[in-house]
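Number of protein chains: 2
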Amino acid sequence: MYKALRRYCDMAAKYISIAKDITEEMRTMQQSGTKKLPSEAQFAEKYGCSRQTVRTALALLEKKGLVVKCRGSGSYLADTANNSKLVAVVLPDKSEYIYPGIVRDLQNNLSAKGYSVCCHNTNGRVINERAVLTALVETPPAGIVIEALNNVLASPNIDLLEQVEAVGVPLVYLHCGYNRPVSAVCISEDDYTGAYSLVKYLAAKGHKNIAGIMKSDDSRGLERYHGCVQASLDLGMNFSESNYYWLSSESRRRLLNNNDSILHSFIKDYLKPCTAVICYNDEIAFYLIRALRLNNIDVPGEVSVVSFDNSYYATARAMGITSLGHEAHAVGKVAAEALLALMAGRTGRSAALSWNLTERESG
Amino acid sequence: MYKALRRYCDMAAKYISIAKDITEEMRTMQQSGTKKLPSEAQFAEKYGCSRQTVRTALALLEKKGLVVKCRGSGSYLADTANNSKLVAVVLPDKSEYIYPGIVRDLQNNLSAKGYSVCCHNTNGRVINERAVLTALVETPPAGIVIEALNNVLASPNIDLLEQVEAVGVPLVYLHCGYNRPVSAVCISEDDYTGAYSLVKYLAAKGHKNIAGIMKSDDSRGLERYHGCVQASLDLGMNFSESNYYWLSSESRRRLLNNNDSILHSFIKDYLKPCTAVICYNDEIAFYLIRALRLNNIDVPGEVSVVSFDNSYYATARAMGITSLGHEAHAVGKVAAEALLALMAGRTGRSAALSWNLTERESG
Chain A
37 MYKALRRYCD
47 MAAKYISIAK
57 DITEEMRTMQ
67 QSGTKKLPSE
77 AQFAEKYGCS
87 RQTVRTALAL
97 LEKKGLVVKC
107 RGSGSYLADT
117 ANNSKLVAVV
127 LPDKSEYIYP
137 GIVRDLQNNL
147 SAKGYSVCCH
157 NTNGRVINER
167 AVLTALVETP
177 PAGIVIEALN
187 NVLASPNIDL
197 LEQVEAVGVP
207 LVYLHCGYNR
217 PVSAVCISED
227 DYTGAYSLVK
237 YLAAKGHKNI
247 AGIMKSDDSR
257 GLERYHGCVQ
267 ASLDLGMNFS
277 ESNYYWLSSE
287 SRRRLLNNND
297 SILHSFIKDY
307 LKPCTAVICY
317 NDEIAFYLIR
327 ALRLNNIDVP
337 GEVSVVSFDN
347 SYYATARAMG
357 ITSLGHEAHA
367 VGKVAAEALL
377 ALMAGRTGRS
387 AALSWNLTER
397 ESG
Chain B
37 MYKALRRYCD
47 MAAKYISIAK
57 DITEEMRTMQ
67 QSGTKKLPSE
77 AQFAEKYGCS
87 RQTVRTALAL
97 LEKKGLVVKC
107 RGSGSYLADT
117 ANNSKLVAVV
127 LPDKSEYIYP
137 GIVRDLQNNL
147 SAKGYSVCCH
157 NTNGRVINER
167 AVLTALVETP
177 PAGIVIEALN
187 NVLASPNIDL
197 LEQVEAVGVP
207 LVYLHCGYNR
217 PVSAVCISED
227 DYTGAYSLVK
237 YLAAKGHKNI
247 AGIMKSDDSR
257 GLERYHGCVQ
267 ASLDLGMNFS
277 ESNYYWLSSE
287 SRRRLLNNND
297 SILHSFIKDY
307 LKPCTAVICY
317 NDEIAFYLIR
327 ALRLNNIDVP
337 GEVSVVSFDN
347 SYYATARAMG
357 ITSLGHEAHA
367 VGKVAAEALL
377 ALMAGRTGRS
387 AALSWNLTER
397 ESG
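Chains A and B supply the protein sequences, listed in that same order.
Sequential numbering from 37 applies to the first sequence in this note's numbering.
Sequential numbering from 37 applies to the second sequence in this note's numbering.
These are computed hints drawn from the structure, not numbers from a lab.
Treat the hints with care, as some may be off.
One copy or any two copies: either way a pair holds, since identical chains are not told apart in the list.
Derived pair list, reagent style EDC-like, types lysine to aspartate or glutamate, alpha-carbon separation capped at 16 Å [what the hints assert, rightly or not]:
id: 1; residue 1: K130; residue 2: E183
id: 2; residue 1: K304; residue 2: D334
id: 3; residue 1: K56; residue 2: E363
id: 4; residue 1: K105; residue 2: E76
id: 5; residue 1: K72; residue 2: E395
id: 6; residue 1: K56; residue 2: D129
id: 7; residue 1: K308; residue 2: E286
id: 8; residue 1: K304; residue 2: E286
id: 9; residue 1: K369; residue 2: D141
id: 10; residue 1: K71; residue 2: E61
id: 11; residue 1: K244; residue 2: E338
id: 12; residue 1: K72; residue 2: E60
id: 13; residue 1: K241; residue 2: E395
With these hints in hand, go ahead and build the complete structure from the sequences.
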């Protein structure tokens with residue numbers, strides 16, 4: 037017991053003393069114009085301690101605002117000079133679903149031009165987004181890539197997004213944007229046409245009644261729904277609003293936390309008489325297929341399931357999900373190119389990426 | 037048994053023969069320029085039959101498109117000449133909630149200027165709206181008052197709304213509109229300010245955490261939500277998206293059909309740690325209070341409930357609901373005035389009606 041406490045105190049003393057040493061070292065770096073700190077391994081060797089102790093020391097300095105950690109790129113002196121080569125990427129959650137891939141693609145394309153990428157999670161909350169944007173306005177990076185939070189809802193952070201423009205930082209929206217700042221460009225997906233093509237695909241397979249699960253609070257969900265409605269009417273299929281279930285960001289969050297009561301009530305109350313479901317994305321499709329099976333409904337025998345994103349969810353089970361996707365790495369690449377153009381003072385162009393269908397077993 | 041059948045056949049023969057007689061009579065009316073048919077009572081007396089038989093005969097003629105029945109005004113020859121004094125009112129359901137009152141107020145204000153009102157239900161379905169609008173384009177009325185269906189979603193009926201403009205029929209949106217036709221005016225409510233004032237009201241009573249149940253697919257719901265968010269932030273209250281539940285038109289429909297599982301899951305998953313709920317309207321507030329009681333949560337002791345519309349739901353129970361409303365008859369009056377201006381070739385003005393709070397027991 038005492039030994040453990042002793043060891044703990046030693047480590048505590050150690051990382052504080054190392055943090056002091058690094059702070060000293062940073063002063064010298066500042067004078068010499070060096071911005072990037074040595075790696076954790078280099079520090080560990082230099083100070084004869086574990087990498088964990090170095091990490092704790094750096095975390096302390098980061099907390100004090102003296103150091104900025106950049107994913108996949110190391111630690112930097114926190115000053116505005118350094119920010120001239122930093123791109124801030126603001127996402128609901130950089131570690132989930134399609135986002136790690138997009139971050140990697142952004143990094144690859146931006147680092148080729150000498151930029152580092154720093155990720156910020158908003159966890160889908162306007163309060164968190166507000167904190168991130170406030171910090172970015174105070175210490176402006178070279179550019180920002182941001183996914184607008186539930187852009188169907190008015191944002192209380194428009195004031196900060198306009199300040200981003202005022203301090204001269206170019207901004208690229210990912211997937212969907214607000215109409216402010218006016219100089220922003222948006223790299224979206226051709227959601228209307230994608231959904232339209234899914235209805236056509238299902239109609240060609242003989243489906244006459246199609247259901248859907250869409251997201252209510254971002255424009256992607258609304259566009260996908262619009263494509264479903266228009267295609268159904270154009271193709272003379274049966275269409276009823278009563279077969280479409282709307283997920284908010286909050287209900288999606290609950291769904292992913294294994295609360296699939298939503299899907300069971302969709303199956304009970306919204307699905308009949310449909311023989312196919314168009315899902316907002318692969319996450320939803322993945323959990324829907326599980327819920328259909330729990331309800332003894334055969335996929336695709338009784339109900340086909342198709343979806344958007346062609347992500348790892350689409351191939352996670354033996355039964356693959358028929359899903360629309362883009363050319364590999366396209367979103368990150370196109371967004372990086374747009375931002376590089378803006379940062380170089382050239383014109384950045386909004387774009388809507390087209391979709392390709394990958395047919396699998398689900399429908 | 038045979039007697040009943042005989043009676044049925046007699047009546048069937050009777051109403052068909054009366055329908056023929058009325059058709060004859062309508063020819064004479066047409067020649068003389070008379071548009072309005074005698075009342076059911078007058079026909080019944082003339083043909084020596086029951087009013088029910090007359091009603092069945094008129095329904096047959098209406099089905100054939102020869103007669104137009106107008107609520108509260110009688111039956112008319114179906115021709116375009118007659119439509120020059122007809123206003124079509126297109127609603128999700130003219131017989132529910134706030135709509136009967138609005139229809140009555142429209143009628144009172146329009147009939148004073150010699151117009152009759154003809155109501156059409158869409159039941160909240162784009163397919164039905166399409167049928168109604170197609171008929172209105174074919175036989176244009178003098179003007180249209182219409183509540184846009186879920187105007188957050190793109191409408192597949194925009195083509196018909198533009199045709200309404202093309203055939204020269206003025207159109208007034210009620211509550212919320214699309215951005216087409218461009219000549220339309222919209223009589224809405226100041227939803228943002230209303231919601232903002234409800235948060236202020238609750239904050240003044242000491243509430244620090246507020247939850248909400250909003251509608252996701254019309255702009256009223258989004259504006260009310262926006263007011264809640266902005267007021268919470270401005271007043272330094274706690275705000276989290278996780279306390280707001282979104283109802284689509286479909287889930288509202290299910291809720292009103294006594295499926296209140298939605299409200300129980302709101303109480304279980306969204307309400308904590310809030311002590312007040314802002315409801316999209318009195319319907320929702322009414323059912324929420326019932327659900328809170330079933331969960332042994334005291335209103336307003338543990339949770340206050342406030343709402344919009346100040347409708348009969350707000351006073352339907354011993355515990356009245358604190359609710360925002362307008363001056364009596366304001367919506368119908370202002371909409372009628374706007375349409376009368378447009379029909380007279382004058383400029384019609386969009387307006388957003390302000391709200392007044394009626395405090396009752398619920399919060």
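query = Using 16 Å as the alpha-carbon threshold, which applies to K105 and E76: within, between, both, or neither?
reply = within (11 Å within a copy, 83 Å between copies)
task = State whether the alpha carbon distance between K369 and D141 is at most 16 Å within one copy, between copies, both, or neither.
result = Answer is within: at 6 Å inside a copy they meet the 16 Å cutoff, but 58 Å across does not.
ask   = Is it within, between, both or neither when you check K304 against E286 at 16 Å Cα-Cα?
value = For K304 and E286, only the inter-copy Cα distance (14 Å) is at most 16 Å; the intra-copy one is 21 Å.
request  = Could you place K56 and D129 in one of the four classes (within, between, both, neither) given a Cα distance threshold of 16 Å?
outcome  = neither (33 Å within a copy, 72 Å between copies)
inquiry  = Please sort K71 with E61 into within, between, both or neither, judging by C-alpha distance up to 16 Å.
reply    = This pair counts as within: shortest intra-copy Cα distance 11 Å, inter-copy 96 Å.
query = How would you label the pair K244, E338 (within, between, both, or neither) given a Cα cut-off of 16 Å?
reply = within (13 Å within a copy, 49 Å between copies)
ask   = Quick one: K241 to E395, C-alpha cut-off 16 Å, is that within a copy, between copies, both, or neither?
value = within (12 Å within a copy, 57 Å between copies)
inquiry  = At most 16 Å between alpha carbons: which applies to K130 and E183, within, between, both or neither?
reply    = Classified as within: same-chain Cα gap 11 Å, cross-chain 41 Å, threshold 16 Å.
request  = With 16 Å as the alpha-carbon cut-off, assign the pair K308 and E286 to within, between, both or neither.
outcome  = For K308 and E286, the Cα distance is within 16 Å only across copies (14 Å; inside one copy 25 Å).
ask   = With identical chains treated as interchangeable, where does the CA-CA distance between K56 and E363 reach 16 Å or less: within a copy, between copies, both, or neither?
value = Result: close neither inside a copy nor across copies, 48 Å intra and 68 Å inter.
query = 16 Å Cα cut-off: does K72 pair with E395 within a copy, between copies, both or neither?
reply = neither (47 Å within a copy, 62 Å between copies)
message = Regarding K72 and E60, is the shortest C-alpha distance of 16 Å or less found within a copy, between copies, in both, or in neither?
response = within (15 Å within a copy, 96 Å between copies)
Hints 3, 5, 6 from the earlier list are contradicted by this structure; the remaining hints agree with it.
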